[in-house]
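Got two chains here, each in a separate frame; can you build the complex from them with the hints?
In order, the protein sequence lines correspond to chains A and B. Quick note, the first sequence lines up with residues 1 to 330 if you use my numbering. Quick note, the second sequence lines up with residues 1001 to 1497 if you use my numbering.
Where hints are given, some of them may not hold.
[To be verified] To be clear about the criterion: a stretch of chain A counts as covered by chain B if any three or more of its residues have a C-beta under 8 Å from a C-beta of chain B, and this derived list gives those stretches:
#1 185 to 194
#2 204 to 213
[Stated by the list, open to error] Incomplete in silico selection of chain B near chain A, CB under 10 Å:
#3 Asp1073
#4 Pro1074
#5 Asp1088
#6 Phe1089
#7 Leu1095
#8 Glu1108
#9 Phe1113
#10 Val1114
[Claimed, not checked] Cβ pair distances, simulated, as ranges:
#11 Val1018/B x Val92/A: 50 to 58 Å
#12 Trp1367/B x Leu19/A: 45 to 53 Å
#13 Trp1367/B x Pro118/A: 28 to 36 Å
#14 Leu120/A x Ser1369/B: 27 to 35 Å
Hint data in this document are derived by calculation from the structure and do not stem from the laboratory. Because the structure is a prediction, the values reported are computed rather than measured. Heads up, the beta-carbon is just placed ideally off N, CA and C, and yes, glycines get one too.
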Amino acid sequence: MRALLHRHEFYLAALTLALSAGIALANPAFCSVANLFDLCQGSTVMGLFALGVLIVLVSGGIDVSFAAIGAFSMYVTSKVLLGLDFQGSAAVALVLGGAIGTLLGLFNAFFIGFLRLPTLIVTLGSASLFRGFLLAFIGTAIVNTLPAGMVRFSKLTLWEMRLADGTIAGLPASFLLLVVAALLVGCVLQGTMLGRGIYALGGNPVAAARAGFNLRGRQLFIYGGTGLLSGLAGVVHACMMRNANPFDLVGMELNVLAAVVLGGAGITGGRGTVLGTLLGVGLIVTINNSLILLDVPSYWQKVVVGAVILVSTGITARTGWARARGAGLC
Amino acid sequence: MRPAIVAARNISKSFGGVQALREVSVALHRGEIRGLVGENGSGKSTLIQILAGVLGPDAGEIVVDGKTHAHLDPREAIRAGIQVIYQDFSLFPNLTVAENLALNTELEHGTRFVSRRRRRRIATAALARLGRDIDLTQTVAELSVADKQLVAIARALLHNARVIIMDEPTTALTQREVQTLFGIVADLKAQGMSLLFVGHKLQEVLALCDAITVLRNGRNVAEGEAAQFSPGDLVRHMTGRHLQGRPRATTVSEDEDLLKVTDLSKAGAFAHVSFAAGAGEVVGITGLLGSGRTELALSLFGLAPADSGTIEIAEQAVRIRSVPDALRAGIAYVPEDRLTEGVFAEQSIERNLAISGLSAWAHPAGWISPARLRRVVAPWLGRLRIQTPSARMPVAGLSGGNQQKVVLGRWLATQARVLILNGPTVGVDVGAKADIHAQIRELVGHGLTALLISDDLRELAEVCDRILVMHRGRIVREIPAAGCDENALARELGRLE
Ligand SMILES: Nc1ncnc2c1ncn2[C@@H]1O[C@H](COP(=O)(O)OP(=O)(O)O)[C@@H](O)[C@H]1O
Ligand SMILES: [Mg+2]
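This is chain B alone, in the form it adopts within the complex (with noise of 0.2 Å):
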């Protein structure tokens, strides 16, 4: 077998009393692409940043180029040639473009004084070598993601890097900057470059790498070329257990509707639009990015009120004006992006259970007995299988998948009757997406109705009853999902484009 260009050997690291690793091994040769898959916590952040020797091990070793190290300082990490674009891109917000890629080189160079001229020949060099053109003056908190991303690609690059590790980076790109970062990718690897692609969604992995590596729990479970891995195979290692299709029994009663929308428009964002969703259906939405479906879902929740247009619920009219408008009136909304917009992490898990409730159960002086609480947030932690030792721990503390069902049992403690879903499986590994899954059929199941924002087609043909499509700003068809699965659904939403 070929050399590796760097490897990581038996390494073990534990925090505080949390093993992050056991023992883990992973090895990486030139011109491959290797997938790093695992559940979310399974240890892979952790072992990239002992290889970028951000970290040190507490046990094992790290081989570059033959040359065996007991912990990896980053500058020797970086001069071996080693370079990871990190899950939050670890750039600098304050800074312009230039800097951002120029300052790591100035720094490896031991620079003493800033040259403009200099750092713009850097940067430009930066980007010309992935082909793109960024404004070099804007900083870098003006970017999109997917601009941000190709600056710290960038910046990567310059330093002779031959190695490229790259945390999730998937995660919060569209479908088209995914196929963008894809043929990035390839290019680099055609250069010789070896990558390490971190991530969880497995066609992606699949789809890219030429070697895959599953983690579970901090262990090494599988290994192999990605040729020898079905999907269900990684699902199957990554968490150790089988997880069917969908375990679907429709259960849609079609004399009532319990959401309907009638001819509801925002100016510049939507117009026109009507559809109806009975109790126990999950009705999906979904559209291009721009299409108006994000809107229509802010503006159900108040956020964003529409400019004309009726909601009724169970048959009563409602208006919504604010969100609180939209509480009284049964509908809950689970953001896309569930940290920022979703959970307090320092706080609670029950806390955090109660906080959109919290109206409703205080007493009406205004103060909440921590008892009262406590009942009331009690049950949903069974029910949605929330794994913690404590419901006093902090939420910063579970896996994401966990801390989603947080988000999700929020609001369904309120006593929701409409929940709006936004992107619920953004970011979140497979065996928790399965459970979020399972958990929307069940929770309609009782009786509410879902309306599911998504991008992922996968995802609509298996838990929504029907897809409506969205493109500029109107529902455009209307999918049954009987019969229908994500390659009908793309071509569909292709022939929007």
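Next up, chain A with everything else stripped away, as it sits in the complex (with noise of 0.2 Å):
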């Protein structure tokens, strides 16, 4: 039980259960399972590019260039696709996106493994660098008509409810890609020598390597997984939006961020878990989502997301603060 009181995910989770409380007292729609299956389909996407966010984070390096790479996968597959005028399952889609984005976080990883770059320099780079080169050789029309699969893929789902006023509400299919996804990520991370070696390449990157971790071969890892989950993203995008906008996505990188630190990742590498980053995810489309149901102008959608960041990493500071002072260390 005390053990429970020191985790970062058991206030996370509080606090994200007493908004949901406050909120539903405000509009009792928000209980609604319409707006549960709403706020699982707001994550996904969000909750995908989280993921290897995270990763990035616990080995101590930051991406900026995710969101790039997702929208690179998405247009690109959407338009490979479409050139090809393909009818099949949406899977050859995913698997398309995902070996984009693969490659070109391989790309980062060149950068920082082998030449030993600083992560952001380089993802700060290679972000303008993909995002220029989509818009300038590849398109900036937006694809307003999807490759079949695609389209079936987007209106598939995992469970359905008719609700009282005659619409159907449902989990979209996707969600269960996050599902699979967190689990596998938490499983790595958690679970085999591979996460946890870069669990002490975030703690201690010198000891890292006096251990005899690869770490190049870890560098490969992070960047090229966290290049796949954000293919997919972009591809899941896609799917949801029901078009391929080349400017979609950018734009959201300090807001996955902000969810992944906000779930207990540390900046400064070897911090950070699978279900605090998903609370951080949840929390954040929670209160984007309740705000508009509350009618509150976007703006100030804004100004919370920033006032919780600060507040609840203020918090975990100050506690883990005051522990290390309890332990004579500061």
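Below you can see the structure in the form of structure tokens.
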């Protein structure tokens, strides 16, 4: 029980629940199944991005290119499949988008792992590069008709409910993708030496090298994996929007980073969990969603999200600090 | 002669333009404790890293069990039973004790999936071998320095280690922790382990080691049985010069108390502390850990203000509630850990020298001209004998002793009159230490007062005019330095326990 009270995730979950209870009182519509499905759908793309960012933050790096990778993968995948007049399953779109994302992630990994350049600089540069390349050479026109497979995928639901007013609310199939990705990332980070090596790298890179961890291999995994998740997120985004807009996604970076940090990952590396990350995403999505339900103007959403981030990370930093003081560390 | 377990032969290594090692050789035999001594920057850590396979030598070879390698791979070194306890311990602060202990073993066995049971088993076995008990679920960041070191040693033992190399293991330890460490080292030797003990505290090295290798400027300068060396010999080999004992002419002017503290108290730290120190006097303050000496120093410098009592500087009562108060009153503080508290390592030497006096030198509008900055700091480079080609080099490029001089100089440049030195030579080698001691005497010769807080009894006996002994927050003894040596001091302190 005491261990639970020390966990960041506990406070985050409590905060989300308290917030939800408050909103439900103000607007009972929040509690509806339809809205719950909405929240899940709203969390999917952000959650996929956030899992990638989590891996990078744990390793002690930072990635601001994931949104550009997502947009690139999404747009190129749609264009290619349309060009081929491909009628098959959306799985192919996901595989293709994931592959493009992985390649772009490995591009980052090359500069970070082999040339040892700082991660922020590399990903800032590559974000601009990917986006510029996309808009200059591939296109700026919104693709309004997606390949048939992607359209089918966007209508696919895991579970459906007929509501009182006769409409049908469904939990989109893509949410399953987030669940599977979260489980996989969680297992890799917690249960494998590959993952523990990423924590070790984030905690003390010099010691990790001395211990004999294969750091280049890990960088390939970290940035390749993040690219893969970003590519998937891009394709899922297109499916949800029923179009592929090359100007989409870019601009989400700070929100996603904020969600991951809110979830307890340290900017300085070595800390963070999948559960915390998902809770962080959930909280941000809930805030945005509820403010819409409460008719709060969208500029205010930014103010509220910013305030929540400052307050919650402030509290964690203070308690962590107090504990370190208790142990005589500062 | 018995064959060596590991030997480095004619190793050379340079970093960019810096030749860190020149044809250095060292050999370690079974069941031997060998001291590797040398001043900061003499190449000890570099040599160790080459033995551990972390760095490759430019020339020379490493011989392990009679097999010659041009370059050892870290995993090969580990497989050969060579383990290094690094100065920074090389632990993962974000992971638990258990995971820190088990991680390298798991890695070595090519483990792919984590098993908590196995991790726990490895960790328990590791600590058992040292006969210690540490909570395995704590994260390493929460441990004390001594416990971190224990974890590092326990981890090293896991790898069928036959050779343990310790890089300056006593730097951050208290006297008592050092004794514990020596007990462990003796145990390991009795188990047939060979140890390479890197240090610069000569008493420690002479007390512990069977044989000694001395490096100076990246070269072998002496080697032999420990019994062959006297402390004076070692100092001479390490520094290449003769350092005499205390060159002390007491300069105390009796008529003026520059600093007078009356009935100073702070709840939970110290109570009813009164003393006075004159211009030209070095007053030592010592006591066991937790005696309140550091808290006293911090309160005089305004970092943790006292609750009651008075402080007078040159017979003027001053109120010290903050660091700017203390600086205005002419009190300067040189912290214990020069690297984390003391210098801005990436910044230039001149900026570091100037930082504490910036407000005094700035134009009223707040800006500072670089020319003025240079004029203010230039004399200190010479007076402190800081060895550098340029004042614009980053401090990180200086040796430890020179970095310490920069910290000292920074406060002197503020025109301070009372200097509080908290462990000024912790982690500094003998040559630089002698320089710093001479410096302190020279400074008080200019009419300053110095309070020297230290654990190093020899240092206290050599530098101070009087020594105040604190115990449980009170000053319990005042010992004049005349006729006092480190043994007499040790007896005084021993009586308190
Ligand atoms: N990674 C490095 N890059 C550049 N110079 C280095 C590096 N490591 C050590 N040196 C230089 O090599 C010399 C020897 O350093 P070191 O082996 O750390 O000495 P010691 O451990 O005896 O204090 C010093 O002049 C130091 O500045
Ligand atoms: Mg060293």
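Ascending list of hint numbers which this structure does not respect: none
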